[in-house]
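Colleague: Here's the letter readout for the chains.
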Amino acid sequence: MKALSIGSFDSFWKAALVAGGIAAWSLPVWNVVVNPYQIFKTRFAIGGRYTSSTTNERYLKVEYLLNEAKKASPNSSNAIVGQINDDLPRDSVKTKSTAPDSYIVGSSIMGLVEPRLVNQYFHDRHFYNLAFLAAKPDEILATLRGLKRDGVTIKTVVYGLEPIAFTDIKSYGPAYQLHPEASDQSRQRVVFEYLFASSLSDGFSRLVTSIKGNPSVRYDIEETGRYYLERYDQEIEKDHGAFIRKQFPLNAKPVKAPPWIDSRFEDLQKLALWLKDESIDAKFYLNPLHPYVANAYGSERLAEFKQKITQLQGIGGINDCTRLLIDDDVNRRFYDYKHFRPMETGKVIDCGLSMR
Amino acid sequence: MLFNSPEFIYFFLPFSIAAWWVLQRMKREHDAQWLVVICSIYFYGWWDTRYVPLLIGNAIGNFYLGQKISETKSKALLIAGLIYNIGMLGYFKYANFFIENWNVVAGSQHSLLQLVLPLGISFFTFQVIAYLVDCYKGYVSDFNLGRFAFSISFYPHLIAGPILHYSDVMPQLRGRIDFDARQFSQGLFLFAAGLFKKSAIADRIAEHVDPLFAADTSLQFFESWVAAVGYGLQIYFDFSGYSDMAIGIGLMFGIILPQNFDSPYQAVNIADFWKRWHMTLSRFLRDYVYIPLGGNRNGFAKGLLAAAVTMSVGGFWHGAAWTFVLWGVLHGIFIGIHRIWTKADIRMSEPVAIAITFLSVTAAWVVFRAESVGQALAIWKGMIGVNGFAIPNLAAGICQSCTQTTLITGMEFVQGGILLLICMTYVNAQKEAQRLEPNFKNLTYFTSLFFTSIWMSGSHESFIYWQF
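As they're listed, the protein sequences go chains A and B. Residues 1 to 356 (this note's numbering) are what the first sequence spells out, left to right. Residues 1001 to 1468 (this note's numbering) are what the second sequence spells out, left to right.
No lab work stands behind these hints: they were computed from the structure. Here a beta-carbon is modelled for each residue, glycine too, at the ideal position from N, C-alpha and C. Possibly wrong hints are sitting among the right ones.
To be verified - Here are the simulated lysine-lysine pairs, DSSO-like style, with alpha carbons at most 30 Å apart:
id	chain 1	residue 1	chain 2	residue 2
1	B	Lys1073	A	Lys14
2	A	Lys338	A	Lys256
3	B	Lys1027	A	Lys256
4	A	Lys253	A	Lys283
5	A	Lys170	A	Lys70
6	A	Lys308	A	Lys253
7	A	Lys14	B	Lys1431
8	A	Lys256	A	Lys308
9	A	Lys306	A	Lys338
10	A	Lys70	A	Lys14
11	B	Lys1381	A	Lys253
12	A	Lys70	A	Lys308
13	A	Lys270	A	Lys170
14	B	Lys1381	A	Lys170
15	A	Lys276	A	Lys308
16	A	Lys14	B	Lys1027
Claimed, not checked - Away from chain A, derived, C-beta distances all over 12 Å, residues of chain B:
id	residue
17	Asp1142
18	Ile1235
19	Pro1292
20	Phe1300
21	Lys1343
22	Ile1454
What the hints assert, rightly or not - Selected chain A positions facing chain B (Cβ under 8 Å, derived; list incomplete):
id	residue
23	Gly7
24	Ala16
25	Val29
26	Ala99
27	Phe122
28	Ile164
29	Ala165
30	Asn214
31	Pro259
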């Protein structure tokens, strides 16, 4: 069958330019309106704030902390206005009593930790959950360095470790890009990249979630820093048995965990030494594992992991909670093979931070 | 500035092409040429401004040297020019390699030079070498600085080719360039096809291949094959995608750049492969290395030696590492075997010939990509099963008791199979562009390619050949 003619090449190139232009320029419009990474603060954006599953925690949490630090600064506009209005003398403007000065770091497993539970162990500290999905030690170091450089107070850091972060070879997209203060890119460059980020699948998922009004996740960026798995919680509330059957199939095939990535241990070493140099109190511990993940590594490799961590300078002895939640009811304690449920956090923190 | 980056696609490319055609329409051809030269310098400087003076100085110096060589036919000047250009390349690209190896051999502790390799220096150097030799041979008659500057710096080919001869572009610039709607449409189509190859295919393959080459463990059978074949596909889609984009941009300017790829994985022998892969490099190596070495004029054995040396030079040109040298040597050996094979008049069916050629090229890609010769050896061992047979998840049902690998899922074989089928059967983007007709089907095709490339690409990764 002969294809429908468009006339001549004179018409074709013009039509192609128009079609190509529309295809290209609709991308930045989409990125602002659908806002899959939640970078843009605009009234045109759809859906609830921070309910996109691809919300960029790395960017938003740092941005929030920098803004908080600015507000608390005696040179902030609020402080100056207060002084002009004869409120408080400029020098006596204090950091808000709840302003974060200590941080929970780590991967998505730590992202579920409620800072209040950690505060109990450090009465004079105010923790913020600065964990990132799939966080690696080098990203944590870059972020803490950037925050410290920009005047954010860092008194204590709590880092729950698990072997997955030391074997994960996946590459991640724009949702995982560091804040400009934690990377060598300028703020303008980062915003430009988000404006033109290829985000069809991430944006489409965001669009569907917004239309359905039933987000799977909600990030509490501007309060605790933690996230909530809302859809999982609803499913558990409805029928926990069905949820377990879905998440932990009986016929799940055993897997072998990938090899260690040695550079990750080197990065953790750098992080530990930096924390020591900056006189920041640091607590490390090993997070609980689901038996499926524990078996993927095997007891020998888990022992090797613990040894590799404890051998690092500045870390020393750490509490090992890897088997804390393993019992007959283990599937009730986890959302999936990686993440234990928030109801277990208290127990985990007790194990992780208790004096040895 | 990468061809697949937003700043290039949304701003630089439309501006430079629009400005070019506006000036051409105003009959200000020389201004248009100089504008493109300025755009090309800006394009180059986007990466690192430190080497912009080097680029400009080298271009001007070689232009006047070429003119002098052409006038005097002085062999001494030609040799001086070649030494200078090869010396520059040697200094920036190979100095640290030689120091490292000298330290190993002599047990010395000479410190390495703090050098940043100027982008595209390998391509630039080969082009000026070709120009100087052509001047000496009397092939060059046009000594207009503007046209030379345009030809040498024209940004579509500046960083990674196609490697031009004097006769490729300069004669096209002598007259006024008229807008040709068909050529412009072909350019748009080729650009979209190249962008799709790069963003939607090559960068996606890299997500599977890079972790395998980065794994600090010996790859087993299936993992090694995914790494080897995957990289062969990645480099093809990456570099041919880049070349399609470069040639497409050229056509949008009304400039025809030489073809660089012609379905190389459809080659029936290794000599055929080199007629289809990086064709402008093959042409350069043939004209300026192989033939001056005597080619096949001095008997069979000397011809073999000339081919082996040529391929080794080609390998070393890619990078200052033993892996690249070994890759070139391997191709030299393949060509030698092919010649002996041809002389013995051994025949085989075309599918078998294509398969053997592809497997040879794939095995050689391993050492091209590997961080070290040791890593390449480990992967080759994996490919023949010496490191074990951990099976991918997709095949877990076949063998319950087998060890599973987490480095690959098994889907890579399906995806790779589809891509190989395309490589082996599809006519290629250049030929598609040549037979482009102005109809809605092609408009939809173009728009789909462009839309997919823009909307579904991952991070804007650099092109593999930009590092050379």
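Colleague: Taking each numbered hint in turn, which are not upheld by the structure, reported in ascending numerical order?
Modeller: Numbers 1, 3, 4, 5, 10, 12, 22, 25, 26, 27, 28, 29, 30, in rising order.
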